[in-house]
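J.: With the hints as extra help, turn the sequences into a complete structure.
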Amino acid sequence: MSCRKDLAGQLAAAHERLGGARGKQYWRSLDELAETPAFMALVHNEFPSQASIWPDTLSRRKFLSLMAASLALGGIGGCSVKPAPTVNIVPYVKPPREIEPGEPLFFATSLTHAGSAVGVLVESHMGRPTKIEGNPDHPASRGATDVFGQAAILSLYDPDRSQTVAHLGQTRTWEDAEAALREALARQRDKRGRGLRILSETVVSPTLAAQRDELLAAFPDAHWHVYEPVNRDSMYTASDWAFGRQVDTHYDFTQADVVLALDADFMMSLPGHLRYVDDFLSRRRLRQHGGNAAKATMNRLYAVEPGVSCTGAKADHRLALRAGQIESFARAVATACGIESGGSVIGGSAAGNEKWLEAVAADLQAHRGRSLVLAGDRQPPAVHLLAHAINDRLGNVGKTVHYTDAWDAGRTERTASLKELAEALDRGDVELLVILGGNPVYNAPVDLALTEKMQKVPLRVHFGPYDDETARQCHWHLPEAHFLEAWSDARAYDGTQSIVQPLIEPLYQGRSAHELLTLLAGAEPTPGYETVRRRWRREATTEQAADFEAFWESVLHDGLLADSAQPRRSVTLADNWQRHLGAGKTTAEPAATELELVFEPDPTIYDGSYANNGWLQECPKPLTKLTWDNAAIMSPSTAEQLGLAHGGYAHGGEHGGYHMPVVELRLNSRSVRAPVWIMPGHAERSITVHLGHGRQQAGRVGGADGHTVGFNAYLLRTSEQPWFAPGLELVPTGETYLLAGTQQHHLMENRELVRSATLGEFRDHPDFAAEPERKQREEQTQRGSLAIATLYEGFNYEAPKHKWGMAIDLSACIGCNACVVACQAENNIPVVGKEQVAAGREMHWIRIDRYSTGTAEKPEEFYFQPVPCMHCENAPCEYVCPVEATVHSSEGLNDMVYNRCVGTRFCSNNCPYKVRRFNFFHYADYHTPTLRLQYNPDVTVRSRGVMEKCSYCVQRIRHASINADTEGRPIADGEILTACQAACPATAISFGDINDKASQVHAWKGQPLNYSLLADVNTLPRTTYLAAVRNPNGKLSEE
Amino acid sequence: MAKTLEDAHRDLIGPDYTPVGHDFASITQQISSLVLRRHTHPGWLALFSLGNGLILMFGCVVIYLLVRGVGIWGINIPVGWCFTITDFVWWIGIGHAGTLISAFLLLMHQKWRTSINRIAEAMTIFAVMCAGMFPLIHLGRPWYFYWLLPYPNTMRLWPQFRSALVWDVFAVSTYFTVSLLFWYMGMVPDLATLRDRATSKLGRVVYGMLALGWRNSARHWHRYEMAYLLLGGLATPLVVSVHSVVSSDFAISVMPGWHETVFPPYFVAGAIFSGFAMVIALCIPIRHFYKVKDLITIDHLDVMAKILLATCFLTSYGYLSEQTMSWFGGENVEGFLYFNRLIGVAQYAPVTWAIVFCNVLAPQVLWFRRVRRSEVMLLIVSVIVLAGMWMERYMIIASSLSRDYLPSSWGIFRPTIWDILTYIGSLGVFIAAFLLFCRFLPIISMSELRAMLPGAHGREEGT
Amino acid sequence: MPQIFPPAMNIISKVTLFGSFVLAAFILWVCLILVRSSYGTGTGVVHVQPVPFSHEHHVGVLGIDCRYCHTSVEYSSFAGLPPTKTCMNCHSQIWVGSNMLEPVRESYRTNRSLRWQRVYSLPGFTYFDHSIHVHKGIGCSTCHGQIDQMPLTFQVPSLLMEWCLECHRNPERKVRPREEVFNMKYKPPANQLELGRKLVKEYDIDDPATITSCSVCHR
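Residue numbers (our numbering), protein chains in the order written: chain D, 1 to 1039; chain U, 1 to 463; chain V, 1 to 219.
No wet-lab data here; the hints were simulated from the structure.
Fair warning: this is a prediction, and the values are worked out from it, not measured in the lab.
Honestly, I wouldn't trust all of these hints.
Stated by the list, open to error - Chain D is faced by these chain U residues, among others (derived, beta-carbon under 10 Å):
hint, residue
1, Asn76
2, Pro142
3, Ser163
4, Asp299
5, Phe336
6, Pro350
7, Trp353
Note that CB positions come from ideal geometry on N, CA and C, so glycine has one too.
T.: Given below as structure tokens:
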């Protein structure tokens, strides 16, 4: 049924396109798309509907590769001389103003993630957006992006996005939907909207908020509910308790010497995390101190958490506690800081951590006003309350902690509001339910039984980008436009007003929420642009209004309204705040023996809304390195106690598939089956599961029509215990399940791959990292063994030639994967699917190796090491290639020439860093027209049977050098940013011309910390690393 | 009757490889009749159709391979080479015995080579044919194989002469050409004999063409001997060169477990080892089915068994030196790898120990004369050795790649059904080709055998 | 014993033996020629275009500058193909009636692009940039031939890699003064090499090693 429906939809869409709705040709008129788009769309759209019955998510590729390869077969004896092909070339009829054929343009806009906006710049080639970069002027970005920002571009071209209006699965037009809505609304208007309920996700757009208020004014008795599975409820509850008002808490890491993170992964998940990472690292970048190690100072981070997060991995001291123990730990810290918090000892299995506790408390008090305690959104209000209290007591407020009014205050309670809706539904006094984005049917707390209760509503309307689980439960489904297709505005984490402007006409029939709301308000359908612009004009100050056009232009240009952040406000802790710490509010300590289940938004597909994004599905989770699945993550010893100690990690080195035991997780009479994954460093007797998997109706990639990716953890999640719950039962099933990971070996086998030291050691011995290599060089030069006997003349890289090189700061890298996805977007890197990853064939050009010291059972420190191509000056890959497909450029780049490669794979075998990737099958998708639009036109799309690898984004190098040349000037330092470098929120990557003495990369490589990986193989890599330095607390490290 | 005579003879003057109880006519009669007899033995037909069946399957595998890509095999990153290259090295190695016997022993004036050199040479040709297929099909884009050849192209590019793969192209093709010439040259007088004895018109014409108008004139013989000797001289260095080049596919790399100076001699030894195992494995059934026990005598097997034993020691020395050097060299990475080969239970240790059994321990039974002279035992040992040598190459390739420098990229190779079918398919090619040889060409050199008879040379007359 | 073969066989056998080698060589030679032939490269082939546009008339006779239509040639990789608008600038006044131009007017009316046949098409993995070549003093006619004398446009060079390399390996043979780039009448002077070397220095054209690096054209 669904297949047929899809096809119907596709047909309609195709016809719609045939009509060439105005503006379409704006983006379509680039010459690559010679075929009639409608026809292509039809062809491709039929494919998946069949392919999706195959188990492998990417079987479609298999199917295509057959065809593609059979063509290739025609090329057997490519010696067969065939006449040059004839290609169409299609000019504009009337040239659009700003477009310069062949040259990319950049537009500023903002993307919304997790309830706040991040400013981005979008690269557009001939009218089609191809790449997203951070907006340097935007406070929430500062030029950086995260994986979600990088992958958003793929969602734009996702062929599975819903393409037409649908009623009960049948394709309809917007007019039909409007008629139906008008009729229903008319009835509501009479009864002041008593039967009208609207459910949306966090309202991030001020314009939308304004429209909401207008709507509620028109329907006084209607209700607007807000729900988001990953929410900040406990933070807002706590701020109510503490300050009697809803405030947002902001942190200033630049001022903090000592930071204590209570289950708070502020580097990856907090709103504004990109900014926080930059601020936090600004206090530990030893490279800033130049050569002078004595002056080096660093802040110190303590992390207490159940699972291993990026923040925990970067922490100088990490304490693994079960989520349920963190409150009592917080109480203990508070007590130690002299706050009456009714709880002085860490109870339960956490006993024995007193030493740790004392050290932390002492350190915090030693840095009054320069310390910071943050509580994670996963922790109950009490922990936030304690954090507020401690910061208050330590005098951090106004220094490292700031408060602002929560913008859109009063509408921040999520789950409570959903409960209310559920009751209303149950009472049956809802007649018209409009679900505005979000996917409650999939991700609402299971105890609310929302889906059943919804059925009582006579008219249910779903508005969203996908024809998802919720859409299937509604009468009407209205397609929502992607943020790159529609006008809007949004608030950043600090309230900064940001603009959202489209770069492309909607590919399908999607519309923006603004357009829908004008419709609901009963007004004539006005374009979103008008609505947004009208509000901005209304809000404009007098001098802005004076020349509104100029003002508007400047906003569009910058992508934001400068200095529009929420003003800081000073709040005082309520006198009676302690009473909220009474028995009722606290979380019960889990008994030592019982298991605890911890929920966590997935690091790559978040709450499930990115489930159909192949880049994110295939992006290895930062710590577990799992792809395409979630799992019941537990520590080695817990697994052993449960008799699950599958040899998994112990043998190690398995790069690819792993058969792991499947267990049944039982919690309050609900259960799901999940594969086990063993993560060294996880808290004992605690099991973490990632939300967002097990989608039923995500699409071909994320699960649809019977096949799912991973298991649905929401089935265990209740409104009472949204984040963690004791009393988990775990029953082995005896089955096994294939998990695909990209790295299972944790230990370095004493190979000094990541060189590290404590701050103290660094001060005493600044060049601890560089020394071995230097010694080796000296020795070699003495022995004269550096002179390589060869018939081939060597290269001369002396200035004025460029000498491209890269340096990566291991102290900075937080392992967030932004570089991995950015590289994938920039270089047209294909998605290969779970089976291929399991076979050890993932294609990422840059990977982040994760190592830990200590033992697998008790890891001490975690390290991240991004590994792109090293561009060795003595490249082992080059001399073994029989056809000169990988050769050295005169600027020292290790060029990979795809079209010359015959695929012997000798180069990869001989690469000590294993950074080369091979197209074992026909991975690239030449056929899906929308996906073809995403391809970067400056990078070849590789075919089957050729090797590929990191090129230092050579296309960017060429573009910059040609521009510089035609303008007759040298290339400026920082003019060329590699994709990974541009995306990195930690500014851990530097790239440039080593010959340029003023360049950043030259400075980095001059650092005492600079060392090259596997120097003793004498490959002379151009990519080098700055060794990792930590700042542990002496009291704790002496053991 | 002949039996006792044979023994008596042997007791008198030790092993003698001259065909006892034969004269010129009988030899010619016996061997040529194998070829010229009208009816074909059902056993032959059965085997031949088996071989062809395998070839058919091989064809299907290759077509599927071309359509889907090399991903159908178990290879991955880091293990980018495995079964195909293993098969390549293994087949090339087997080929070596042929040239060794025919050329090397010729120059050494080893009489015993005469009854087996034809078989050995044929085996070489077919083995190299099988080997040659693998480098081709293992390419990601096999249809561009010709980019490995130096030809004037429109890209103004040459092959990359520093790459061992290019050396392979030259080494293997040279080796094949020379072996083919050598084999054919040696056959010309016999082909003439067949031409003369053939009863059918077709036979006369075909063998006639192949015989290149040989007329047994003294002048012909003179030229023939000279050319044969020259070719022998030409071929001998190849015995050493080819496998040394093949070994450099690994030796020139920087990978632990590949980057070994011992590889060339070590590979050559292994090659001859497996080659002789193959010759023995072929000779024994042939003696039976073609009833030529009196031409390929038990002494022949005995002496080959001795060579097998000797080369077994050369190979074992290779293993020993590898392990010692890895320990002695003190290279962390390399040491880890070799140690891992011995104990990495989840990885390749089982293979390692299987190799030790097959290539080091099993051949030791050849110390006993009774074993060397028992066909069954010999057959078993040589098959074990063949398997062992295949595993050795597999181990060198797979285990080295799977445990290289960065633990983060360590991986394991697991063969797919296609890996296995590709290998079996190549066996089919060999079987079919070899059976054709047995049916239509003289499996033993009549002319050379005749030359060994008393009275073949003037000076022996009168004794 | 009767003869099997006639005496002629001696000759035949020898001829076939050595002939086979010659034949093989011949076949190879034919292949190599074919690849370079106009059949293989599409040189000199005139494609059927929606409108029989004549460079001879517009450039040769009317003397319109290249950049009037190919606007972005100086600062973009893509020389730019004139939008219908550009044609109509003139042809809304002159030749308004001619049937030949109907497709142009039709395109302008219906807002549907003209679909030209590419004359110079490079493979997808080859990245050519007009701006840098124009900037470094490579004239239009160097690659596009005497286009001012072409009634219908066709491809002049083979566009084979060896053709590119001829110039990239010794640019001094082809460079001309910048001001002459768009001059169709330009003839290289007698002292081209001398001038070339001077210009190579002046326009600081990178050394052959650099401009023959693979990633200059292949990414």
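J.: Indicate, hint by hint, whether the structure satisfies it.
T.: Structure-based check of each hint:
1. With 10 Å as the threshold, the beta carbon of asparagine 76 (chain U) comes within range of chain D, its nearest partner Cβ sitting at about 3 Å, so the hint holds.
2. The closest approach between the C-beta of proline 142 (chain U) and any C-beta of chain D is roughly 8 Å, which is under the 10 Å cut-off, so the hint is satisfied.
3. Hint status for serine 163 (chain U): holds, given a least beta-carbon distance of 4 Å to chain D, under 10 Å.
4. Taking 10 Å as the C-beta cut-off, the interface hint given for aspartate 299 (chain U) is violated, the closest approach to chain D being about 46 Å.
5. Given hint, phenylalanine 336 (chain U) at the interface with chain D, holds; its Cβ is 6 Å from that chain's nearest Cβ, closer than 10 Å.
6. Annotation: proline 350 (chain U) was flagged as interfacial toward chain D, and the flag is violated, the nearest CB pair being 14 Å apart, outside 10 Å.
7. Taking 10 Å as the C-beta contact cut-off toward chain D, the hint placing tryptophan 353 (chain U) at the interface is violated, the least distance being around 18 Å.
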